[in-house]
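Asker: So you can see what is in the structure, the chains are spelled out below.
Number of protein chains: 2
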Amino acid sequence: MKKKSAYNVAIMGATGAVGEEMLKILEERKFPVAELRLLASARSVGRKYSFKGKTYTVAELKEDSFDGIDIVLASAGGSISKKFAPFAVKAGAVVIDNTSAFRMDAKVPLVIPEINPQDIQKHQGIIANPNCSTIIMLVPVFAIHRKNRVKKAIISTYQAASGAGAKAMKELENQARDILGGKPAKKEIFPHQIAFNLFSHNSSVQASGYNEEEVKMTKETHKILHDDKIKVTATCVRVPVYRAHSESIYLELTRKPDVSDIRKIISRSAGLKLVDDRQNNYFPMPIEASGKDDVLVGRLRTDASDPHGLWLFVAGDQIRKGAALNAVQIAEILCQK
Amino acid sequence: MKKKSAYNVAIMGATGAVGEEMLKILEERKFPVAELRLLASARSVGRKYSFKGKTYTVAELKEDSFDGIDIVLASAGGSISKKFAPFAVKAGAVVIDNTSAFRMDAKVPLVIPEINPQDIQKHQGIIANPNCSTIIMLVPVFAIHRKNRVKKAIISTYQAASGAGAKAMKELENQARDILGGKPAKKEIFPHQIAFNLFSHNSSVQASGYNEEEVKMTKETHKILHDDKIKVTATCVRVPVYRAHSESIYLELTRKPDVSDIRKIISRSAGLKLVDDRQNNYFPMPIEASGKDDVLVGRLRTDASDPHGLWLFVAGDQIRKGAALNAVQIAEILCQK
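Here the protein sequences come in this chain order: A and B.
The opening residue of the first sequence carries number 373 in our numbering; numbering runs sequentially from there.
The opening residue of the second sequence carries number 373 in our numbering; numbering runs sequentially from there.
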């Protein structure tokens, strides 16, 4: 992208949980915004947001919404991205898409800035943001992988309600309140009760037995690392937590890991924070990852039954690093070059 | 144990979550109880419980509480078992101990009735009930293991508050209510907020980096199976769920598993219920395992990257099969012989 002093930015899906966070992060990180356009569906038109002290009104997302826009941050759902991203590209914008619409498209780079920033420059108008579970797993796993090749990652997730949007977070709250009040829990967003319960991830299950979320973690890892040989297998689970995903990760490494070396690697890697205090039983927790940029990493220990095995437990904000922050980081790199 | 028409039974720790469930299960399963003695600490003396239509009053647990007792079901904490079990044995009773006090004692059988009932007869006065996470994992894993040897099990747990007792369940409820009311969560039992959060298991962390709960899962499996070669490595996590533990289990098997065979094995095994409906995204959930005897088993699928790998996801009632039910089942076998 041509270097400018400031860029015209549109947020597609500005009223969603991720869209709102994108706006906050653009302001927090002092992204050089010239014109700001907040786009959403007809029913959200007229909602107002404050950005750098000025008030902006949400406009309806239309095919001609992108005139003069440099960067579109998109998070309005896969079908909306599929429909509108081509119009944005035609209008000369670069779309950074947080949906799954284009992630596996060979022409679309899939980027985690801490891992493959170089892929950003290969874009043909669209850059995809990986799935939240992939990002939160892969930032710490890649930091280890670059020093000691990961042969296989076996992952069990503990995923927050936020991954299904702001309404799902509200459903967790409402269900908890109803259950505490002795009333039955109402289900609207999730297929099963989320409060005081957990369930296998609510994406559809394929013939292989894996759900879509689990398949994304494998395929997206291969694409981001440009390496189909690393084995990634996951079980994805929703838990009654608002907005940060946790993941229990077991790695089979090429060489025997040394935990103190791994601690140093985590401490020195961008986007990660070591939280690994055995004495005080203090490790990554979703409430502490919420609202933070870093993925928290702890429970580092080798497998007593296999010296090549390494456990870690991570927690990262699903809305920030899992979505909005990663997209804004891509925009920042895009504008630097 | 000498066969009788009915047995004199004492419950040690009768007012705890597990003690109360033991009483319920004795009645439900029509255990032949002659005399019933409910024992607890001084502060619970006088509490009343109904059993088969009669009212029983809690008496203080003392060294001379066991005269004439045949079977003691003990769940009052490890230090209490250590102190009082020897007096019960001296008085001629068999102690079925739900605490960790004697589990690794070479003279004490550690028993899951579905797996090693034959060990019950080797007792010298004390029989130990395994840890709840071990039981809920091992009943399904053993069913597979006996047909296709498990080389290694890699487990991530999603453990309910109940494992830390009735007060911990109440703490989850109170914290949820306070947070929903905009008040800070009060911590008394758990070291970290449990409502809308999760954290690494609250047992102490050893020099190896594993917490005690994780070490139990490995060592107890070895003892129950009389096999130190099976590799078991776990990450144990508390989640905001009341009383059923869930576990995400990855198995490395000797032969390539066939999922339809595994389904048959699970369906036909005592103590297990297959809940594996891919089309409806319906799998084991802790709210559905609560109050049930069976461990629910689902998400059965082979690892796409390794045909010897098999995933399963299980949920079991921590208070029932994880503790009280397993103990009563041991008592039933003890009395049959």
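Because the hints were derived from the structure by calculation, they are not lab data.
If you're wondering where the values come from, they're calculated on a predicted model, not measured in any experiment.
Among the clues, some could well be false.
Identical copies go unnamed one by one, so any copy, or any two together, can satisfy a pair.
[What the hints assert, rightly or not] Capping the alpha-carbon separation at 30 Å, the derived lysine-lysine pairs in DSSO-like fashion look like this: (1) K601 / K636; (2) K555 / K396; (3) K628 / K591; (4) K539 / K559; (5) K603 / K628; (6) K664 / K555; (7) K455 / K523.
Asker: Each hint: holds or not?
Answerer: Here's how the hints hold up against the structure:
{"no.": "1", "hint": "K601 / K636", "verdict": "within (26 Å within a copy, 33 Å between copies)"}
{"no.": "2", "hint": "K555 / K396", "verdict": "between (36 Å within a copy, 26 Å between copies)"}
{"no.": "3", "hint": "K628 / K591", "verdict": "both (26 Å within a copy, 23 Å between copies)"}
{"no.": "4", "hint": "K539 / K559", "verdict": "both (11 Å within a copy, 29 Å between copies)"}
{"no.": "5", "hint": "K603 / K628", "verdict": "both (18 Å within a copy, 17 Å between copies)"}
{"no.": "6", "hint": "K664 / K555", "verdict": "between (34 Å within a copy, 22 Å between copies)"}
{"no.": "7", "hint": "K455 / K523", "verdict": "neither (38 Å within a copy, 49 Å between copies)"}
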